[in-house]
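Engineer: The primary structure of each chain is shown beneath.
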Amino acid sequence: MLAIPHQQRLPIAIAALGLLFLALFLLYPLFNVFGASFLDSEGGALTLGNYAKMLGRPFYRQAIINTLGIGIAATLITTLISVPFAFALARLPVVGRAAILALASLPLILPSFVSAYALVLLFGRSGVVTQWLQSMGLGFGSIYGAGGIVVVYVLTLYPYVLLPTVAAFKAVDVSMEEAAQNLGSSPLRTVRTVILPIVLPAILAGALLVFIETLENFGVPFVLAEDMPIFAVEAFKLFIGETSPNPSSAGVLGVLLILMTAAVLVVQRHFLASRRFATNARRTPPLLNVGRGVQAASSLYCWAIVILALVPFFAIVVLSFMEFRGPVLHGHFSLDNFAPLLGRASRPFFNTLIFATAAAACATLVGVPIGYVVARQRNGMATLLDVVATLPFAVAGTVLAIGFIVSFNSGPLMLTGGPLILVLAYTVRKVPFTVRSASAIVHQIDGSLEEASISLGRPPLQTFLRIVVPLMLGGILSGAVLTWVTVASELSATIVLYSGPWSTLTVVMFQSLESGGAGVATAAASILILVSIVPIALLYRLVRRYGLD
Amino acid sequence: MAGASRSFGPVRAVDRIDLTVGDGEFFTLLGPSGCGKTTLLRMIAGFCDLDSGEIRFGEKRIDRLPAHVRDIGMVFQNYAVFPNLSVADNVAYGLRARKTPAGELAKRVEEALALVRLAEYGKRKPHQLSGGQLQRVAIARALVIRPQVLLFDEPLSNLDARLRVSMRAEIRELQKSLGITAIYVTHDQEEAMSVSDRIALMNAGRLEQVGAPADIYRHPASRFAAEFMGTTNLVEARALGREGGLLSLRPEALRLSEEAPEAWPRLAGNVVDLEMLGPITRLGVRLGDGTILNVAILDAPERRLNQADKVTLAYDPARLTVLR
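Residue numbers (my numbering), protein chains in the order written: chain A, 17 to 565; chain B, 38 to 361.
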């Protein structure tokens, strides 16, 4: 039977369109990056020489070591800090738990390189705090290099471990604990032998996310690494500096970076897939009875981390209202820093808003149907779609952008130099996220609702639009707003792809970092922070008011 | 339905099923979980394709038609009432899909809601309704489109025991008064017997026996049918001093000797198990050769029975079924 069964037609059509889009704007650019790495600098002959050349240089070998070393250190420290934090939030009578949880998710939406930049402004060579300390004859170690990068990673990425781990601690049914204690286990032994093993998959999943983020991050090492070679930064520098027709060296670094992140993802899939203990707590475990001392200590610990992570952002907002002359700060209140960005040079501001809106809309349009198919279908086609749609996650923004430039700088799809290339790159980068969130919602919608609608006479597409989409609305909206916010502060792909009038707020920050115009940079950062928080706050109110969750 | 088959991997979920359901009949597919009854129902609804075979409504072949044009009402196990629509909009959903004019639509929705005794509930949202009410909305929604066949997929299994009993009577009454053909899936033997005109007993993708409830109960065609349709005693004929192979003897076909007609054969044994359940008393009686028989007798106040008592049983020879 060659005919496609009726109930399969809509999913197959969606999958085909989704795969077509991803093939054109993800696989094809990646293929070209791979291709570039295997061709000689004239783009003529196949060769492995590029790999030999790059890996033969101590500088790039050091880049691999630095990137992995910093990633591992940041991941370990983040995990060590976040697990006790999560336990305290889930099980101890910490003061202000709701506020801590809300504040702890803020770093997820705030751009990490702004935090790095704030660190430079405060503690850098001519930083505010540095100068103040120097005036009193005090000095401290440098924040540039590995140490500073790790600190910023820990402070901006810890929610990736914290939030799932809190949820996991709360999902351990009390009866587990009671059973263990009933069998004669001491409380500490119960934590070690029963609770931690149940929570471990959540911790590991979060830790791997942190690790991947550190491998791909471009902005933080760009601000803080100085002469230290870091992968994503070197790939960018090589690509910008490469004059020959084929970007072979940048291609090699790009491929190596993809291989590293892909390896982590594969490990995650295989390792975690077999170790999931969903216990679906019927009774959330109660807060533990502890003395005032423990309560005070745990509260202090949680608040310290939350506040430390937000101080850089707060500082940069304050600094943006001060007067700068070049990089030098003068202690007067001033709105001058904002004048160019909101006045005569407001293009980047509006570009940011427009690109973020367009990309959020596109990522939603592409991701929601794919997420629907991935959640509803159990076959090879859905698995393929799932894998391909998750792939952008393993691709650093810099690498994808290089692929875009190589692929779309000529021919029928000539996109370089325009705004569309940015929107498409953002869309591809955010698709894994919208697919994940959409499929998570679809999993919660009973499949028989669709069957009921179809048997009542609505064809599958109408059923999808009339029943599934309305039920997903709250989730779709949240996903779109989060996409919007993260696109607005995207740096790594933007910096490779923007051209001429199509710069964004992040580009303005990036440029003034290089030219030393701290005032404009702080203003751009402040606007970015505002642009990140306001939509989330609005969404929160909207969802609450209309009960869309 | 002729030769309907469907495999999932190596498993033949539905294996060459031939069935004919009469007009206005209440027909039940009964069997343990995994026997293929739900797959068969979903084939009729159009949510599961046939590997081979065909399904017809009268002369019209429907198994190749997409589900949304088959004109079938379906009532789901978990109600599947659209949570984003009001009760009235749920019921109107199928009519809107058929572009029914507004005036007629309102009238039919009202009638359908009255039919399931939810006339006052049109404006409510599903989350304000109880499980039993939700299932009535689902039934009204399926009835209002006047489908050729009404399918029920274990519609009562999410309701509590008391409600199940009253709902099944209600469903049966509704189906008879409208004269609509119904195909009903359940794993509950008692439920099947109470609502059905005919039952198709399924096992491992095949039809085990098709017939009126009383027929299947009294004359099971196989060991599976005998065991699945209520409790029974499966005994080798030798244990009763008879010829032949395996016999099925229902517990209620056994009585204590002093309460049984003269003509019934007698069996001697010891009481090894005694359960007083109110209207009936259940006994386990071990015969001389070790066979244990389950006996169900009506409660009688003057009777005195204790564990380990010697008793003589009598059985109705007309109620023995030879299984092989």
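Some hints could be false.
To be clear about the criterion: a stretch of chain A counts as covered by chain B if any three or more of its residues have a C-beta under 8 Å from a C-beta of chain B, and this derived list gives those stretches [stated by the list, open to error]:
{"#": "1", "segment": "20 to 33"}
{"#": "2", "segment": "145 to 158"}
{"#": "3", "segment": "480 to 489"}
Going by beta-carbon spacing under 7 Å, a handful of chain A positions derived as facing chain B [stated by the list, open to error]:
{"#": "4", "residue": "Ala196"}
{"#": "5", "residue": "Arg474"}
{"#": "6", "residue": "Pro475"}
I should point out that these hints are in silico values taken from the structure, not numbers from a laboratory.
Ideal Cβ placement from N, Cα and C applies to all residues, glycine included.
Engineer: For each hint, tell me whether it holds in the structure or not.
Structural biologist: Each hint tested on the structure:
Residues of the segment 20 to 33 of chain A lying with their CB closer than 8 Å to a CB of chain B number 3, which satisfies the three-residue condition for coverage. Coverage of the segment 145 to 158 of chain A by chain B is violated [criterion: at least 3 residues with CB-CB distance below 8 Å; count 0]. With 3 residues having a Cβ less than 8 Å from any Cβ of chain B, the segment 480 to 489 of chain A passes the three-residue criterion, so the hint holds. Of the supplied interface hints, the one on A/Ala196 is violated, with its beta-carbon coming no nearer than about 33 Å to a beta-carbon of chain B, more than 7 Å.
For A/Arg474, the suggested interface contact is upheld, since its CB lies about 5 Å from the closest CB of chain B, less than 7 Å. The closest approach between the C-beta of A/Pro475 and any C-beta of chain B is roughly 5 Å, which is under the 7 Å cut-off, so the hint is satisfied.
Checked against the numbered hints given earlier, the structure breaks hints 2 and 4 and satisfies all the rest.
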